[in-house]
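Input sequences plus hints: build the corresponding full structure.
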Amino acid sequence: MANMTGELQRSRRRSVAVMLSCVALSLVCVVYPFYVIWPFRAQGARELAIALVVMQFRSAATLISVAAALAALVFYWRAQPRRWRRAFATAGAAFVCVLAALARVNIYELMFHPDDRPSFAAASGMKLDKDEKVIAVKIGGAARAYPVRNISYHHVINDLLDKVAIVATY
Amino acid sequence: MWGRDVAGLRLTFHLAGINNQNFLMRDEQTGSYWQQISGKAVSGPLKGSQLPFVHSDELNFGTWQSEEPQGTVLQDAAPYRSGYALKDWDVRMQRAPTVIDFHEHGLKGRDVMLGIQAFGASRAFPYDQVIREKLVQDRVGAEPVLLVVGADGQSVRAFRDRIPGVQGAPDFYRMPANQPGTPGALLMDAATGGEWNFQGCALSGRSKGFCLEPVEAIKDYWFDWRNFNPSTTVYGKK
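Protein sequence lines, in the order shown, are assigned to chains A and B. Under this note's numbering, the first residue of the first sequence is numbered 489, with each subsequent residue one higher. Under this note's numbering, the first residue of the second sequence is numbered 127, with each subsequent residue one higher.
Keep in mind that the hints are not guaranteed to be accurate.
As the list claims (entries may be wrong) - Label-pair ranges, simulated between beta-carbon atoms: (1) Arg218(B) x Ile552(A): 21 to 27 Å; (2) Phe245(B) x Ala555(A): 41 to 47 Å; (3) Ala533(A) x Ala211(B): 29 to 35 Å; (4) Phe528(A) x Pro195(B): 41 to 47 Å; (5) Lys651(A) x Arg207(B): 46 to 52 Å; (6) Arg218(B) x Gly532(A): 27 to 33 Å; (7) Val225(B) x Ile552(A): 46 to 52 Å; (8) Gly362(B) x Ala609(A): 37 to 43 Å; (9) Glu597(A) x Ser330(B): 50 to 56 Å.
For the record, the hints were derived by calculation from the structure and aren't laboratory data. Note that the structure is a prediction, hence the values are computed from the model and not measured. Built from N, CA and C at the ideal position, the CB exists for glycine as well.
See the structure below:
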C-alpha cells in the first residue's frame, strides 16, 4: 500500500514537471520571437538570430510539447483523485494547445496585410498625380511601376515581369 | 528589388519581421528569412544565399509614364485602399522615431539618402543636396559615377560615368532649360559634345545610341543605410 502511494506521488510529480516544462517551452516559442522582433525596439544581432531559429523550429517544438502535455495529463488524472487539481492540469494542457496554435501564426505577416493577388493596369489609364512617386522596373521590353503609397503599405509584392519572377519591396 | 529564383526554387515572400526597422521576409518554400535591404538570407535552410539583384528606380509617375507609355502599374488592392499612405508619406515619416541612430556627419536618423553599394564600396548622397546640385559627379570606390536629377526636379538616376572610347571619366554638364537641343536632352558631355537624356542615353554626338550603365541608388533613411552599410562614406562629408 505504501509502495503504491509512493508510486502515485512520483507519477504526479513527474506529470507536473513535464506539464510545467511544456508550458515553459511553448511560452518561450511564442513570446521570445514576439518580444525580440517587436518593431519599436532595437534588435541585437545575437538575439535576433536566436529568435529566428526559434521561429524556424517552433511549430515542431510546440507540437511535441502538446503531445507531451497530453500524455502528462493522462498520467496525472490516473494518479490524482482531487478534481480541482485535475482541472488545473487540464487547463495547463489546454494552454499548451493554445500556444501551439499561436506558434503557427506570424503576427507580422497579418499586421502588414499582404497583397497576394496584385493586379496591374495600363499606365495610360491610371489616374495618378504626375508627382506621385513610383518604383520603376524594366525587364526586357516590359516596364512596370509600383506606386509608393501602395507598396509602402503592403511592403512586399511578388510579381512576374517578362517571365522573370521578381519581388518588389519598399 | 530582387529576383525570386534561387537554388532551383521559385520563392514567394511574406513580410515576416523587423530588424531595426528594416523588414525581414520569409519565403514560403523553405521558411528561410531574408533581409530586405540586402536580399540575403539571414536564417533558415537558405542562410547565406543571395537573391539576384534587379535594377529599379524611384521616379515621379509623370516622368516614368512619359518614358514608358506602354508600361503597367500596380493597382490598389480595394480592401486596403483606405489604409494607403498619402502622397507626402516620406515627409510624414521623417517625424517618426527610430530605434537606432548614428550621430555621424551631422546627419539625423531620418535624413533621406541615396545609397549606392557598388564597385566594392558604399557611399551615401544626401537626397536634398543632390536635388539642389542637380548633377553630381563623384566616385564610389574607384569608379566614377554620375547622379542626375530629372526634369521634374525630384527623380534621380545614377550611372557609371564611362563612355566607350573616352579616356577616364568624362565631364558632364547640365543643359540650361532654355537651350535649344534635341527633345529630352538633359546633359551634355565635354568629351564628345553629345547630348544625353535622363535615361542615360546619348541622343547626339559620336556616342549616339549608347546608354550609360545604370547604378542602383537606393532612397533610404540615414539610420537604415548606415546600419547595413557600416563602412559607408558620405558625399560632401569628411
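Violated hints, by number in ascending order, as checked against the structure: Hint check: 1, 2, 5, 7 fail, others pass.
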